[in-house]
Every structure is written in structure tokens, then in C-alpha cells.
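S.K.: Chains as they are written, first to last, in this note's numbering: chain G, 228 to 718; chain V, 228 to 718.
I should point out that these hints are in silico values taken from the structure, not numbers from a laboratory. Some clues are possibly wrong.
Note: identical chains are not told apart, hence a pair may lie in one copy or across any two.
Dumping the calculated DSS-like pairs for lysine-lysine here, alpha-carbon to alpha-carbon at most 27 Å [to be verified]:
#: 1; residue 1: K523; residue 2: K284
#: 2; residue 1: K338; residue 2: K314
#: 3; residue 1: K571; residue 2: K249
#: 4; residue 1: K284; residue 2: K553
Protein chains: 2
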Amino acid sequence: MGKKLTKRAEDYSKWYNELVVKADLAENSGVRGMMVIKPYGYAIWEKMQAELDRMFKETGHENAYFPLLIPKSYFSKEASHVDGFAKECAVVTHYRLKNDEEGNGIVVDEKAKLEEELIIRPTSETIIWDSYRKWIQSYRDLPLLINQWANVMRWEMRTRLFLRTAEFLWQEGHTAHETKDEAIEETQKMQGVYAEFAESFMAMPVIKGTKTESERFAGALDTYTIEAMMQDGRALQAGTSHFLGQNFAKAFDVKYATREGKQDFVWATSWGVSTRLMGALVMSHSDDFGLVLPPKLAPIQVAIVPIYKGEEQLKMLDERIAGFTKELRAKGISVKYDNRNTYKPGWKFAEYELKGVPLRVAMGPRDLENNTAELARRDTLEKETIDQGDLVERIETLLTEIQDNLFKKALNFRDNLITEVDSFDDFKETLNAKGGFISAHWDGTSETEERIKSETKATIRCIPLEGGDETGSCVYSGKPSSKRVLFAKAY
Amino acid sequence: MGKKLTKRAEDYSKWYNELVVKADLAENSGVRGMMVIKPYGYAIWEKMQAELDRMFKETGHENAYFPLLIPKSYFSKEASHVDGFAKECAVVTHYRLKNDEEGNGIVVDEKAKLEEELIIRPTSETIIWDSYRKWIQSYRDLPLLINQWANVMRWEMRTRLFLRTAEFLWQEGHTAHETKDEAIEETQKMQGVYAEFAESFMAMPVIKGTKTESERFAGALDTYTIEAMMQDGRALQAGTSHFLGQNFAKAFDVKYATREGKQDFVWATSWGVSTRLMGALVMSHSDDFGLVLPPKLAPIQVAIVPIYKGEEQLKMLDERIAGFTKELRAKGISVKYDNRNTYKPGWKFAEYELKGVPLRVAMGPRDLENNTAELARRDTLEKETIDQGDLVERIETLLTEIQDNLFKKALNFRDNLITEVDSFDDFKETLNAKGGFISAHWDGTSETEERIKSETKATIRCIPLEGGDETGSCVYSGKPSSKRVLFAKAY
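Using the sequences and the accompanying hints, generate a full structural model.
M.R.: Now the structure itself:
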């Protein structure tokens, strides 16, 4: 197990980095800025994927796959998109290596230079809209509702496991519609799907809102976001859904025959969440002892550890516990029975605590006599001794309770970190002393937004969809405002 | 629907290319050699993935994810591997673009040149073994049984949809073991998993065997393969499983503390199947009317088409059919009820035929009166009129029957295309007149293998695990041989 985990209060950032590695979620690779997602971390991501994929399909979307490499010229077709994405990216310039004639191993073969450079996709709007031109002829081809699960690459200079990596895994939805209204409805629907996923599965409360112009996706007319609050008082953008208007349809000449027999450009959306959610999950619930996972996303929901001396005791425990694991699995609960003789019970307890397994059951010889078991929940660290006859039902109840408890705890924490301020002095003081979301009036200009950012490092996380509608004056400029927006320092 | 499909007998290759596009499986993208997998094709791939993933997990494997980009130097560490893989590959040399000062759009920023070039993974042994060095210390960390679902890239000059594309999707298993025997057992086990998947799900019979030295994976001591036979008499390598010995452990210095407390290099395997299986699936069963899909991998197993005039008839059919779709779905059968009024029944029939939907149900006003339905199966093109009371049960039975029938038909076809020959003249004649597998004696030398290849274009597809053990003399050199091997022209 190695050294103890750094405490959050000591150094939150160090705590996070250590935890991700110690809990076997991910680690840095030998390639700058690129991570290895280890089996335990990947198992959580698979659970996220499965739920999201189900939700996408239930809302009528199909999966497809588009090329990893995008010709450089595609990016230039949508003017604002190229500025946002084509700059910091991995560029493929050659397609062959050869043995160096001077014996220096393998080197790039200069004869195999590409006529046009290819970019590893930082996002796929351009290559996908180049296909949509061929797929869409008439209103009968619409709506086109497609999602892609893929790896993407953005050449980040400062990287952190899950939160900001050069390569990351994500899904990107790309849809085409007959009307503006339908596209906006789709954008909002997918924001809703993301919020539902974050709250019901990750147990992570989010605020739904829209981005200001300067924080929008490059090429979007409007960006809908879900914003979460981490334990250190910094916000995290957890998912975005973009209304793209007719920008990409125009850039890639995607027209359709309308019901009235005219030709018109289609309306578009795109939306995505990524392995960044893994970072958000870690930072939402975990504590100084390690990971805390919501049962709905935990690869192991219950770990059962036998406590024994000698083969005979183990055999008795194996037999007794086999019945419980079978019963639990039949109920769809994922159980790990850990009877490895290469590790001691104390080591195993610490391991499952570190890895955030929601429930741990321990059973020893005395439990066999008394027909009892010890049940420990990871979220509250509470232990109870219960009758074996009640074990399965109690586990079922507790898994639901833990899921709910984590959400409530995170919601309470987040709500306490939303502070209304009405002066810029209060703004700065709250930001430094308390952190969290600052609900304040803003005059609606990019200029003010930029000044607040440069003076405080806080950005407008979103213009919330709900609440905040009241007249007031901008916390910075004093100019009139009709709605409070949420500021925060962010990941 | 466009033009009619080219017939197989006319031009098999053209038939394949047309079918893949017309049936909406995949198409070429604007990027050379890279395909777009369309939703219908991707839905089949997802079904393949789901079954394979289940089989991998049932045999104890976990998924993980490793970086897309691999430093050039990693490839040089395993001598034979670099020759096989590092040559024809996509090379990332820069990490930034910029606006051209002379106004020529965006260009590569020469200041952002990487110190060491990065290769888009053609396969991941090197980057994965670089991680395993950190993960493996003792026998307690073994076996390490990991799989990755990923995109990979090999810069092929001549590409064909699914069969040979620059980018393709695959899974790659990478395992580490204490002993040689255990690693060989794993290699064989995964060959078995692939064979089971090919036969039970794809309904595609395969021959299990090993590759000759010259056809082995670059870096392997032994390559186990499953070989299938396509309708044009050419073989297709459908999956390979490699025993890597200690080659990668030595190249990446992966040692472990043995049970006896010594240090030793671990033993390795790797194994993979790819979207190439999609091509194999298409070519195994499809006919001149379009795709034929085995029910177990068909995204739509039953298409139901109402035949009506006017809203009132449609409403009656909608109601009657709703009960059947519900009942079928409850049994886990995937049903599409196609009551679109934008297409006529005849168009829909042709569409589902082209897309290989195993069963089609048609119901019209007369069927409502007579309590009947028309059921058409895609494999035999047979139709039957049956009582509605028997419909659900009949569909269940037929889906099983179609799955079995496709396998038997393909097996019979394949078995008829295995010809034993004992002279090189017969070899050449059989190859040209009949094609298929040629079972012949071979003297075991790479020299003979190479000569046969250059004279006939036939390669040794495998040394079969079963059968062929008999003394004889090499069909080419006349030298002694103790076993027949299988030759064929191959994809």
C-alpha cells in the first residue's frame, strides 16, 4: 500500500494526484501528457459509458465511427472553429520510417512526406460534417442523431490525470435538424441527459446554465453546460452541449430539400462528456482515507473478507459466504469475495477503503458461531454487526442509502458554497476566503468579464437556467443587470 | 435504393465494395485509406464487441487504456518487432499550427517540432510493456490479464473497406505470466475464444492452426490463427493469438520475484481481432440481393411492415402489431416496426433484404380478417403465411434455425473447398480452377514456402491443429513431410 495519502487540508492538489495513482485509477505514461487508464479506473469509466450509452440510445441516437485524422484544410472551413482548435494539436506529417543509413536506428523517411498534413482530431465536427453532406439530401433524412465514442487529442502544456490530458476518451454527439427550434431543443435535451447522469449516477449535483460568449465552444451560437463544485471550492465544467446554428452546414455545404420542396441549410448541435468526469467523480466524494464511490458506478459494490486462522476455518467461511455471494449476484450486486492467502485482512480492509468500495463485509469464526457479520460502509465509515439472515436485504438497502447520502452530502456542500455578493470587494474576499460559486450581477459585456478574470482568476461558469432573475447592478462596473450569474475559479 | 447490386459471379470484388456501401455499413472518408463506419455497420460491430467483451471477462480479463502515441524509440527495443511495424506508420512530428504570415491559411509551426517523433500505434506491445515494468514486481501480480479496445493505424497503400484500412478498430489482449506453459495455454485459450465467437455468433466456420515462421507476428515465437473461407475461394485470417515468449519482457526489462524468491522475466501473449471481421461477416453469408446477417449479430432481427391504404387501415394494423412487437421485445428479440408513410412497402422489403434483416413480417387488411401474417426469411428467401397465434413462437424458432442454417451452409461450402493435392501441377490447377484451401505436404522450409508463394500467390494459411498427420513428400520440393498444411490465396 505504500505511504499514507496526503490529507486534503494539507494539499488538495497533491491529495488528488496521489489518490488517482494509489487507488489504481490511472498513471502517467512515458509519453508527455498522456495517461494510462488502469483496469480499476477503466472499469468505472465502462460503467459510466454503459449508462450514458443507454441514455443516448433511449433518446434516439445511434453510434458511428469517423476517422482519427482530419486534413488540415477541413479546419479552416469554419472560421471561429479553426482558432479554437487547430492550433495546439498533434500534426502527422509523414507516413514512413526507415533505417538510418548512418546507423542511428530508425528515422523519419523524408520521401514519405504527406502532401497535406493530417491533424489528430481534437473534436470531430469538421470530418463529420464532411460526411453529413453526403448523407443528408431531404427532410426524410432528418433528424440525424449520431454519437461517437472516441479518443481525441489536444496538446495541453500543463496536464493532470483525467482533468487535463493531451489524449482523452470521450463521446461526441453530432446531430442535424430541419429547424432551429428542433436543434435548440436537442441541445437542451442532451444537457438534461448529462445533468441526470451526473446527479443520479455520479451523485454529483450540477447547475445547468449557458456559457457567456467568450466561454462558448468555438463555432457554437450557444453552449449549454453543467457545472459541478469540487471539495476545494473550485468549479468543474462537467459536460457541454452546443447549439451550432447553421455554421457547420454552411461551412460544409450541407443542404436538404425541405417539406416545401426548397433547399435549406440544416441546423446542428454537438455535445460531449469525457474521462474528465473521472476526475470530477474522485473530487466530489473522496476523503483522506481514499476513494469514495457511489454504488451505481462502483465496479465492486461489496467486498467480503474472511477472517481466519488455518485452512479449516477458511473452508467453513468459504462455504458460508458462497451462499451470500450467489444471492447478492442474483440481485445484480457486484461482489468480490477476497480469500487470497497472500494478504492479511487488515491489508485488504485498507485496500477496499482506498479503492472506495461502498460496503465491506467481514466474517470470522465467531460470526459463524453467532450467525453474524460485520458490515462497514465506506461513506460514513460506520460499522454494524448484523444477523446473517438480514445481511442481503441490509446490503441492498444500504447501497441505495449510500447513493442517496453521497448526493445529499455533495448537494449540501455545494449549496453552502454559493454566495450572493453585491460589491466587488465582497466578491474578492469571498473568493479568497471561501471559494465556491459567487452569484453576482454582471453587465453582460465581455470586457467586464475579462477584467474580473484577470483581477481575480474567477470566470463566469454559467448563466444559470433557473433563478437569479432580479434587477441589480454589475458587481464590477455598476451598470444595470437583470440576472445574477455564477462566477468561480475553475478546473 | 439506387442501382442494382453487381452479382457475385460477375465481379466478386465489386459486389463486396458496393454491398458495404449500399447496405450502409461503411464508406470511404475524405482521408486516404480511412473509412467512416456508418450507424448500421457500427451497430453490428457493437454486437460483436459486446459478445467478445463478455467472453474476455468470463476468461478473467480486464479492460484498460494505453496512449495512442508511442515514442519512436520504444519500437527499436524489440528487434523483430520494429521491422514488422514501425515502418509504414503515421508519424507525429509537430504539436502546433499557426496562421501563415503570408496569408496562406494555417501552416505547421516549425518552432513546435517534437524532440522525438511519436508514432500512432500500429499495435500496443511496446507502450504496454513499458507500463508492465511498473506493474509487475512479484508472482502475486501475475497473471496480468488485460485487454484494450482501441483504434490503430497502419499505413496501407491499397485499402478496402473493413478488410484493409489505414485506421481500424480492434481489441488487443496483452497478458503476462509466471511460466512458459501458462502463457502458451493462454495463447491457445484465446484462439479458442475467437473460434467459438466466429462459429457461434458469426456463423462462420474457421480452421484453427499455427502460422509458419514467415507469417508470424513480428516479435512472436508462435502465432495461433483462425482461418475462414470466403465465397470467392480466398481465405481470410480472422483472428490471431501470439505466444511472445520473454521477448518483450527482456526488451522492456519486466522481471518478477518468483515463488522461490528469484528474479525472472515474465512470459507474454498478445491477441487481437478487428473490424476486419465485419468484412468476413459480409463475405461469409451475403448474396446477390444484399447482406445476410446471422440473427445473433443482426441489429434488427425482425422487420415488420404494414400494408395499408389510408389512415384507418394503418391504425388497425398499428394496434394489432403493437402487441406482437411488445411480446417479441420481452423475449429479447430486436424488432423494427416500420410504418413510415414516406416509403412504400415494396421499397421497405428491398431495404430490409439489402440490409440482411433475418426475418420480415408483412401484415395487411386481409391478414387482419384472416388472422394471418406473411413471414419471409432472408437466408433462404422462403415465405410462409401463418396464423397470428403462432407468429411469436415461429419467429423464435426461425431465428435459431437461420443461425444454424447459415453456419451449416458456410461449413458445407468451406469443406467442399478443401482439396488434398499431391503434386505441384495439381496444386496450381486446383488453385486456379477451384480456389479454396489446398491441403498439401510441405517440407517445412521458408524457402519452399516463398517459392510457392511467388509462383502461385498462395500462402500457407496455417498448420492445422487437427488432422493432416501423415507422412508424405513436399508438393514442391519432394522432400519428406509429416503433416499436410493449408495453402490458399488470401485477403
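S.K.: Confirm or reject each hint.
M.R.: Now the hints, each set against the structure:
no., hint, in the structure
1, K523 with K284, "both (19 Å within a copy, 20 Å between copies)"
2, K338 with K314, "both (26 Å within a copy, 13 Å between copies)"
3, K571 with K249, "within (19 Å within a copy, 61 Å between copies)"
4, K284 with K553, "between (31 Å within a copy, 18 Å between copies)"
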